[in-house]
Every structure is written in structure tokens, then in C-alpha cells.
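Student: So the chains spell out like this:
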Amino acid sequence: MLKMTHLSKVYRTEVVETYALRDFNIDVKEGEFVAVTGPSGSGKTTFLTIAGLLETFSGGEYHLDGIEVSNLNDNARSKIRNEKIGFIFQAFNLIPDLNVFDNIEVPLRYRGMKAAERKQRIMDSLERVGLASRAKHYPAELSGGQQQRVAIARALAGSPRLLLADEPTGNLDTQMARSVLELLEDIHREGATIVMVTHDPELAARAQRNVHIIDGQVVDLSEDPRFHTVHAEHTGTTA
Amino acid sequence: MLHIKPIVVALKRHKAGTVLIALQIALTLAIVCNALFIIQQRIGRLSRPTGMVESNLLAIQNRWVGVDDNATGPLIKSDLQALRQLAGVEDAISTNSFPLRGGGWSMGVRHDPDAKKPVSSAAIYAVDDHALSTMGAKLIAGRNFRSDEIVWVEQKAYAASPQIIITKALSDKLYPNGSALGKTVYITDTARPSTVIGIVEHLQVPWSGTWSDSFSDCVVLVPTQLTGNFGSYLIRSKPGQLAAITATAPRLLIKNNRLRTFSRDRGVRTFETVRAQAYKSDRGIALLMGVVCAMLLAITAAGIVGLTSFWVGQRRRQIGVRRALGATRHDILGYFLTENLLIGIAGVVIGALLAIGINLWMVTQFEMARLSMTYVAAGVVALLLLGQGAVLAPALRASRVSPVEATRSV
Ligand SMILES: Nc1ncnc2c1ncn2[C@@H]1O[C@H](COP(=O)(O)OP(=O)(O)OP(=O)(O)O)[C@@H](O)[C@H]1O
Ligand SMILES: [Mg+2]
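Chains as they are written, first to last, in this note's numbering: chain A, 1 to 239; chain B, 1001 to 1410.
There is no bait here: all hints are sound.
Listed next, the in silico DSSO-like pairs over lysine-lysine satisfying Cα-Cα at most 27 Å (straight line):
1. A:Lys79 to B:Lys1005
2. B:Lys1012 to A:Lys119
3. B:Lys1173 to B:Lys1117
What follows is a list of derived Cβ distance ranges for each label pair:
4. A:Asp124 to B:Ile1004: 21 to 27 Å
5. A:Gly130 to B:Val1009: 21 to 27 Å
6. A:Glu117 to B:Ile1004: 16 to 22 Å
7. B:Ala1302 to A:Glu202: 52 to 58 Å
8. A:Glu117 to B:Ser1372: 45 to 51 Å
By construction, these hints were calculated from the structure, which means they are not laboratory data. Being a predicted model, the structure only gives us computed values, none of them experimental. All residues carry an ideal CB built from backbone N, CA and C; glycine is no exception.
Could you build all of it, start to finish, from the sequences and the hints given here?
Tutor: This is the structure:
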């Protein structure tokens, strides 16, 4: 589903070049639920933005669903984002000017879907996240957990094959975090591929597979000598 | 692909800015439509014909110095004789006034000497039998004055002439269903009737302002030479000789008699200059209104650029999110263009009504003409295009916001 080989991402500013990712290799199979962990600044978000075609990369190869994406133009990338990928952000990123219904409708409109089908899908996905009664509410009128569930409903409405989540529970309390995770697990069981960045080892443990990123590279936790110290650091910061 | 509903919904959450820009567009449209209409009318006035062959005319305003008013008659007679013999001169007259001169006499014309209100006002040109050929005015009925009908009289002693020539416009006013030729009317003096012996196609009054609009083509020619110190010579050159006589005619007059001056700006003028000076203020007002219109349009465009730039800045993250959710650059561009178009349409609808309202008010207050709908339609199109043009740069900037903007934390 998602395969990166020797991929690199360099941020160039006037004074420095930062390698956010270097010789980055990952292979996520169709239907997998992968949790990505790593210290702050290690490149997790960078990985996710490249995986989701939000950003281009500097070197290496990236095949998404069998397609080499580096040659695609902006319109083609937009189309893939729209049809194949669902995003869930730490900051929810609902559009404040639109109510819940209209927010979920945004990606469906860009797909050129008919009104009746849009409505059907919006109500289905709202049902799914348990917020059918809040369709007319504005984001500011919802709790953080509710907003994130609307964001999940928005990601789901287009039936994406790949769901990318960057610390989806980062702004939520433990109980809400758990219910969001349960929702993701449900979605996964229905066949979606999920890649989730998280700082929370407890949540990471519930994924099928954990990928650890340090200094822009994927490290094998079982072999890496740094694993224990890093892991300890994390439990320390999140507790 | 226009997604109008969500744009309208989102605009409702930004009422202040939306209403402000829509109203600005509305006001601009209303003012610009009316201003351009007034400009067009002013410019229309500028090109009104005088009824004369202007391209060959020279006007000399003569002032005697140290000559008694009663004694000017022989001097004028001698001037005319000299002018008519000058090489390059077709014909010449002495007259109290002429079209677009600025000052002149207006008098009431009556059918009935006892009527309180005259049928029309009219300008009086006191001329001789050379007037028609000098002015190039076309006689369409009756005859010209005969030389034996010309009387020399002091201005204060003028009494209505027994024979007059009038313009067709005045004839039509006096006798809407027929011709004034041969009829008797009363000018100035209620006791002395004047008979219309000829009708000329067209001559304009001396005044260019709107106050004389109701009788702007009503002129009476009387076979009288007024003595005094206010007259002008109107000289018609042979074709192509205007420049030459502009130089030779004043010199000839000075040679003929030194007791005179020509004022600097109204002394010796080709008719082109007379016309330019007569309409100077009309042209000034048109120019001023044009500048005001241009400024209003610029301010409105700047307002749209400003507000849209502000909104684009404010919505960077939202634009990133839309891009992440599958919007193409084109979709984002379209969003801002459509948003502007919707505000613009609201603005021009209000503006069109306002434009018509302002015009109706001016119609009742200042006897303005009714605003032509072509102006409103052209204004609507122009303002919508202006809006789309103004919004283009910020909208293009919005379309270049990277989808990665969605992931940036706050
Ligand atoms: N736009 C950018 N310009 C320059 N450097 C950047 C940019 N975005 C990220 N980086 C750098 O790339 C590296 C990886 O950043 P990234 O955001 O991927 O880390 P992260 O693992 O998501 O961290 P966190 O856990 O704090 O979210 C960091 O050193 C960061 O400073
Ligand atoms: Mg991050």
C-alpha cells in the first residue's frame, strides 16, 4: 500500500540544511494498522506529510498503492488525496466557518459527488462516530473529543483506503483518546490501512505494528541499543 | 465548478467585511453611473452646433478708447468697409453678440402684446444684411434683410424692428403647426409689431450654460446696427485664409483708427477659441468628475484587494486543510473568485437601485435627464470585472498555499 525506499527530505534554509528524513525505508501492507513513534523532531510528521502527498520529497522513491508518486502533477496528487487518503490531524482542523455537516461535505464536493450521495455518506459517517444529532453545530460548539470525531467522520466519508493520523489523541484526555482509538480500530477492522503517529506508548501498543523513527530514520526497536533509553524518555514525558 | 452554498454559508460568518465591501461596491456603482452620465451629458453640450460655419470665423471684440458712445457709428461703418475689402475676407459684420459669446440680450417673444408671459425667450442679434453670409446661417424660408432696412441707433433708443428674421426653433415654438413667416409678433416693445420676413435653419444663443437650455436655439435677428462701445466684429475668411486674416484684420483696424484696444483673452479669437472658452467650465467639471470616478474605483479595488488579502492570511490553515482534503489549486482560486463574485453581485444589485434612485432624485431636484439603463448595465459589468480583477492577486496567492499548511501547529 505504502512503500518508501531510500527516501530523503531536506529542508533548506539560508543557513542550514536539515535532513528531516534520510535513507528512510518503510513498507506498510494493505490493511495494516501501524503506529509510528519517536522523539520530538525525529521526522514523524514529515513522514506523514510525504506519505499523504501534502509535500514533496528530495530523494528516493515512494510508491503509493503501486504508483510512483514523484512524477505526479499537483492535480493528480490532489485527486489521490481526495479519493484514497483520509487525514486526521492533532489540531482537528475543522473549518470554523462551516457546520459539522458542511465540514464533512468539503472533500465530497471536491470529488464532484451528487448531493443525494453526499448527504447519505455524511449521515452515515456521522452515525458512525455517534454525532448524528450534531450535524448543524459549528466546531466551536463542540468539545475537543467531538471535534476530533467529526474530523474522523470527514476522513471516513470519502471511504479512503489509507487513513493517516498525526497524534489524533494529542489534544484529548485519556478517556476521549481511548474512544477515538476504538473508533480507529473499528475502521481498521473494516479494511482500511491506518498509519498513526502517537506519543502515547499505551495507544501504540494496541496497533498491529510499531515503527520507531529516530533522527529521520526507521530503527528496528528489537535491535537498536537506543531503544530502552528512548522508550524510558517517552514514558517519562507522557506520564 | 462553483460551490455556491458553502461559500454563502461561510460568508454569513464574516458579515462585517462582506457588508462593507458590498456597500462600497454599491456606492461606487451608484456614484460612478451618475457621474459618467453627467459627464456624457456635459460632453454632449460641448459638441452642440452653433449653426455657423465655425471653421472660417474670426471674432474681434473692439473697445473704443476716448470716443463718445454716440460717435461710434461712423467708425464702425468705416471699419466694416475696410474689413469687407481685406484680402482673404469673405464677409464681415458688426453685432452686439453672437453664439457662445457669453453675454448678450434675451427678450420675451409674444403673440399678444398684452400677454403676461411670453411664448419664449430669445436672444437678439442686432446685425445688417451681411449677417447670414458672414455666419454661414442657412435661410430656409422668406428673405434676407435689404440694405435700406438697416437702421443705426443707440442701444438705449432701440425699439422693436418692423422686420425680423428668426430661427426655425423659435418659429416652431411660436407656431407649432405652421410657419411664422409673414406673421406678426412682439419683441421688447409691446406697441410695435415685428413681421417675420425670414427663417434660418439654426443659430445658437450666446450662452452655453444650462439656464438657457429652454431656448438655446431661439434667436431673433434684427436689421439694426447699435452704436456704443460693446460690439464685436464677426469676420468670415475665405477658405484656408483664417490664419492670415487673424493676423491682418486687427492690424487693419488699428491702421484704420488707433482709438481702440483689444483685450488680451477676448479681443481677437478664432471661433475655435471662442468655443473652447465657452465650454471651459463644462470641460473642467467633466474632468473633475472623471477623476473622482477613477479615484472611487481605485479605492474600491484597493478595498477588495485589502479585505481578500486579509481573509487569505486569516484562512491559510483552512486553505491548507482544503488542499489536504483534495482541493486543487484551481478549486481554491475558484473559491475566492466566486466569493468575490457573490459579494459583487449583492453590491451591484443594491448599487443599481441606488444609482436609479439618485438619478430620480436629481431629475426632480435639478431637472436632470433620466439615467440611461445602458449606463447602469455597463457600470454593473465594469464593477464585477473590477472586483474579479482586484481579487485575482490575493486569490492566486491563496491557491499557492501548500497543503502542508494543514499540519503546522497553530
Ligand atoms: N518546514 C520546515 N522547515 C525546516 N525544517 C523543518 C520544517 N518542518 C520540519 N522541519 C524539521 O524537520 C525535523 C523533523 O520535524 P517533524 O515535524 O517531522 O518532527 P516530529 O517527529 O513530527 O516532531 P514532534 O513529535 O515534535 O511533532 C525537525 O528537525 C524540524 O525542525
Ligand atoms: Mg509532529
